[in-house]
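Chains H and L are the protein sequences, given in the same order. With our numbering as the guide, the letters of the first sequence map in order to residues 20 to 558. With our numbering as the guide, the letters of the second sequence map in order to residues 20 to 558.
Some hints here could point you the wrong way.
[To be verified] Reference listing, derived: stretches of chain H covered by chain L, where coverage requires no fewer than 3 residues with Cβ under 8 Å from a Cβ of chain L:
no., stretch
1, 395-409
2, 484-495
3, 517-528
Bear in mind the hints are in silico, worked out from the structure with no lab data behind them. Here the structure is a predicted model, which means the values were calculated and not measured. Think of the CB as a built atom: it goes at the ideal place given N, C-alpha and C, for glycine as much as any other residue.
Protein chains: 2
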Amino acid sequence: MNTFSDNIFCPEHRMYGNASKKTYTRGCIHPIEVGMRTLSLTKTYTCRGIDFSSIPLYDTSGPYSDPAVTINPEKGLNPLRDSWKFNSENTEPVSERDNETTAARVPLRAKAGRAVTQLAYARKGVITPEMEYVAIRENQQLEEWIATFPSGGKTAEPFTAEFVRQEVAAGRAIIPANINHPELEPMIIGRSFRVKINANIGNSAMGSSIEEEVEKAVWACRWGADTVMDLSTGTNIHQTREWILRNSPVPIGTVPMYQALEKAGGIAENLTWELYRDTLVEQAEQGVDYFTIHAGILQEHLPAADRRMTGIVSRGGAIMAKWCKTNNRENFLYTHFDEICEIMRSYDIAISLGDALRPGCIADANDEAQFGELKVLGELTLQAWKHNVQVMIEGPGHVPLNLVEENMRKQLELCHGAPFYTLGPLTTDIAAGYDHVNSAIGGTLIAAYGCSMLCYVTPKEHLGLPDKNDVREGVVVHKVAAHAADIAKGNPVAWLQDELMSRARYAFAWEDQFNLSIDPVKARTLYAESRAASGQTDG
Amino acid sequence: MNTFSDNIFCPEHRMYGNASKKTYTRGCIHPIEVGMRTLSLTKTYTCRGIDFSSIPLYDTSGPYSDPAVTINPEKGLNPLRDSWKFNSENTEPVSERDNETTAARVPLRAKAGRAVTQLAYARKGVITPEMEYVAIRENQQLEEWIATFPSGGKTAEPFTAEFVRQEVAAGRAIIPANINHPELEPMIIGRSFRVKINANIGNSAMGSSIEEEVEKAVWACRWGADTVMDLSTGTNIHQTREWILRNSPVPIGTVPMYQALEKAGGIAENLTWELYRDTLVEQAEQGVDYFTIHAGILQEHLPAADRRMTGIVSRGGAIMAKWCKTNNRENFLYTHFDEICEIMRSYDIAISLGDALRPGCIADANDEAQFGELKVLGELTLQAWKHNVQVMIEGPGHVPLNLVEENMRKQLELCHGAPFYTLGPLTTDIAAGYDHVNSAIGGTLIAAYGCSMLCYVTPKEHLGLPDKNDVREGVVVHKVAAHAADIAKGNPVAWLQDELMSRARYAFAWEDQFNLSIDPVKARTLYAESRAASGQTDG
Chain H
20 MNTFSDNIFC PEHRMYGNAS KKTYTRGCIH PIEVGMRTLS LTKTYTCRGI DFSSIPLYDT
80 SGPYSDPAVT INPEKGLNPL RDSWKFNSEN TEPVSERDNE TTAARVPLRA KAGRAVTQLA
140 YARKGVITPE MEYVAIRENQ QLEEWIATFP SGGKTAEPFT AEFVRQEVAA GRAIIPANIN
200 HPELEPMIIG RSFRVKINAN IGNSAMGSSI EEEVEKAVWA CRWGADTVMD LSTGTNIHQT
260 REWILRNSPV PIGTVPMYQA LEKAGGIAEN LTWELYRDTL VEQAEQGVDY FTIHAGILQE
320 HLPAADRRMT GIVSRGGAIM AKWCKTNNRE NFLYTHFDEI CEIMRSYDIA ISLGDALRPG
380 CIADANDEAQ FGELKVLGEL TLQAWKHNVQ VMIEGPGHVP LNLVEENMRK QLELCHGAPF
440 YTLGPLTTDI AAGYDHVNSA IGGTLIAAYG CSMLCYVTPK EHLGLPDKND VREGVVVHKV
500 AAHAADIAKG NPVAWLQDEL MSRARYAFAW EDQFNLSIDP VKARTLYAES RAASGQTDG
Chain L
20 MNTFSDNIFC PEHRMYGNAS KKTYTRGCIH PIEVGMRTLS LTKTYTCRGI DFSSIPLYDT
80 SGPYSDPAVT INPEKGLNPL RDSWKFNSEN TEPVSERDNE TTAARVPLRA KAGRAVTQLA
140 YARKGVITPE MEYVAIRENQ QLEEWIATFP SGGKTAEPFT AEFVRQEVAA GRAIIPANIN
200 HPELEPMIIG RSFRVKINAN IGNSAMGSSI EEEVEKAVWA CRWGADTVMD LSTGTNIHQT
260 REWILRNSPV PIGTVPMYQA LEKAGGIAEN LTWELYRDTL VEQAEQGVDY FTIHAGILQE
320 HLPAADRRMT GIVSRGGAIM AKWCKTNNRE NFLYTHFDEI CEIMRSYDIA ISLGDALRPG
380 CIADANDEAQ FGELKVLGEL TLQAWKHNVQ VMIEGPGHVP LNLVEENMRK QLELCHGAPF
440 YTLGPLTTDI AAGYDHVNSA IGGTLIAAYG CSMLCYVTPK EHLGLPDKND VREGVVVHKV
500 AAHAADIAKG NPVAWLQDEL MSRARYAFAW EDQFNLSIDP VKARTLYAES RAASGQTDG
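Okay, chain H solo, but in the shape it has when bound:
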């Protein structure tokens, strides 16, 4: 029996009190209901001739922001995707269970010869429930507003499910959604859509409890994380992940290498393909939605990495480099990449091709090692696409601002348009304690150039493990970055929120200003703090 604190229920929120209510939009094609958080405004604002007395907001917090839903972490969230009954004829229960500790639900996988990936459906011209879901979600019920918004000499068009299908089919966007994660509310990662952010959580060997990590995952979603990566190590790694998945409305990513290494007794050179493969299957059956796989670092890259100022800073990269060197063999993730893809395809897990050679300091940015690996990631992208597996590409890291654009350009060229997912980039090495800001700076720029998802960085980067407050700060500043990039890219929905805020500001409508902020709780708190300090009260 686990003991969760009240935090798991986001009590202060569900979310943001009377001004908000949870609303649902039905699909036309599939029996889906897309949740949003609709914000009531205290005034009516007229924008481009349309009156707004409320606005539906994109909501990453899932059922947690719906006061009508009872949250029971012991039971997990409602498996809403099961009710869509879309995949049933192409899937079957796994016959041999790889791990006894997996929960009550019997995991599914694709029947032999059947493809259940979003990419496979998209290529066949099939619009899945997930595709329709993300189209509705990205439009935020603002189709009328979108159609008034100027875009490239004409007016913008709302997203359609068919457009989503095309983007997925072309490999320009992915919908990470393991068939074994039915609690997931689908989201899309691709540069035609809203810029997304990921929050990393995870205990360390000495660190926090399962409850704390589940609460961190929920907490991250509640502040706006679009996906969560569980980077747990140490004992209870399987069980922690199980709890996180069952209670997570957002896609969960992992780096399976971390668990494989635990199984190899923590000794990199003892890793084997078999150990790694079993780990993939174990996590696939639990429902992990995307895997970071460091398949692009090859023996030929290692001399260039040795010449660097800070070598290899990616943990997965360092593990693989050590394995290759000690065993004098090529990276087994590369040599077994086809088999990896076959596993991914059976559950529709997206591959996040890891940048094992991301620069760890600005002096190493855009170097031979980094771009050498990126070229291999481009080749692996084509290989994954042959297997109908969805792919995104991970990117740096530490990059001076003037070299950020080259990163985006090379990624598009070498990786055939697959979505880019970057950590920062950090634009200086000396911002310890403020690396979340440092990352938001580089992140905004690369997202404005076309990066699809930003991995958050917290104030504890380079210093230690984030606590809950660090998670919040990390999430919110990267929401600022992602939103600023959406503004720069001319996303009509993003512009409406800014316009309403500006009109509220001009009208001194404080409640609306707080509620339209990316972090309403912070805005309200700082306002009250300032009023109190100057002896004013609201009484």
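Starting from the structure of chain H, add chain L where the hints point.
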């Protein structure tokens, strides 16, 4: 008798304990001693063949970081520029004192027909002590390192006093240094030099005490503010400024309009040129180093401003717009601009041409009103230069990231290369509570494009007045922005600090990592917090 808290002495610091010591570099031409904070490292790091076991850091905190100096705020800082005895033959004591409350020292002004501005000297080919000071200061005693650093196909060159003179003579850089602010340690604002940041302080009518504002000014310098603007309003405005000036090692800027409005009973339409002129002289004699003057907003711009979503958000701009409309006359700051320049010239006060029409929301960015005013600011720049008055140009504001570059390009074109000094820009309107981060994002980009100084924004922007913690957060995140821009611009001195940090990181040299951080106190605190949370101790 004022009562200062221990904060005024920066006790925790003076600064950062045993690893730091204050060092001084003598001038070759003038009897100057340029203070730096030299950091000892726990290891010796070899960078481009040079061994570093210490590094001198640019230090904005002046005597406050020198434990050998006794700080007595009642007495003020040592008037070090007086000891340089450079201007004495061109200046004379003012005969009629405009304000009884001015402190013991008799203010100086230029003798009739004499020019005492840095611009006048520079144009005559004279290297002033201030010019030599900033050249030494920008090099940080790192001439040997600078000469190894690649720059445009050859190696970089250290700054020379002659180069500083040329930049000032061309109007591309300014050294704000009122002859009545002898406590000042000269600094330079120009795009060939290190990017600078400004911190705004100032009480409101109901707000804080003189002591608190002086402490805020010192506090801002100690975290890295290169200049401080005192935006105080209400009573005690003269006295507060006097205390700040006498205790400030950095240039102080003001918006004289705020005090003139107080004198006009708070009623904009009652302002007169005479009232304003007297205020200029009063503040000039106190030693204010630069004045924000909203002389570029004209009657012809007002219709365009009326068409905006959020109108005029600059306080000075709103005051002048109201004055023009009510009196149906042209902006008196524009019509009396020659007389303003004559006053500025007599004390060597730099003009910061205010952007009264800066956009207050992203929808208003780069519009007709903003660029219409910018064109006038360019004309006024030429006019000020005719009077040998130093000029910089203030810039926005709220600007989407994709329009930031145009701001810099237009400013360079229209304002003849005068330094640009921007507030942010903020890249979205909905980051209330995180607008310091929002501002750092836009600020980094515009500084990388060539903006010379960033005005900080604190977490309280749009919400209330900053307290001391907000001042620190605002200063530090803008130091991150300014430094990231220096990195992007290839400043060798900035790169060295990053390289040392990266080598310290690779060597797990924690003390060096903390001390090389922009905010060592924060880095150390977060590290300790994380260690404590995971049950580790350093014992």
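Quick rundown of the hints versus the structure:
1. 395-409: violated (count 0)
2. 484-495: Our answer is that it holds, as 3 residues pass the Cβ test (under 8 Å) against chain L, meeting three.
3. 517-528: Three-residue rule met by the stretch 517-528 of chain H, so holds; n is 7.
The structure is inconsistent with hint 1 alone, although it conforms to all the rest.
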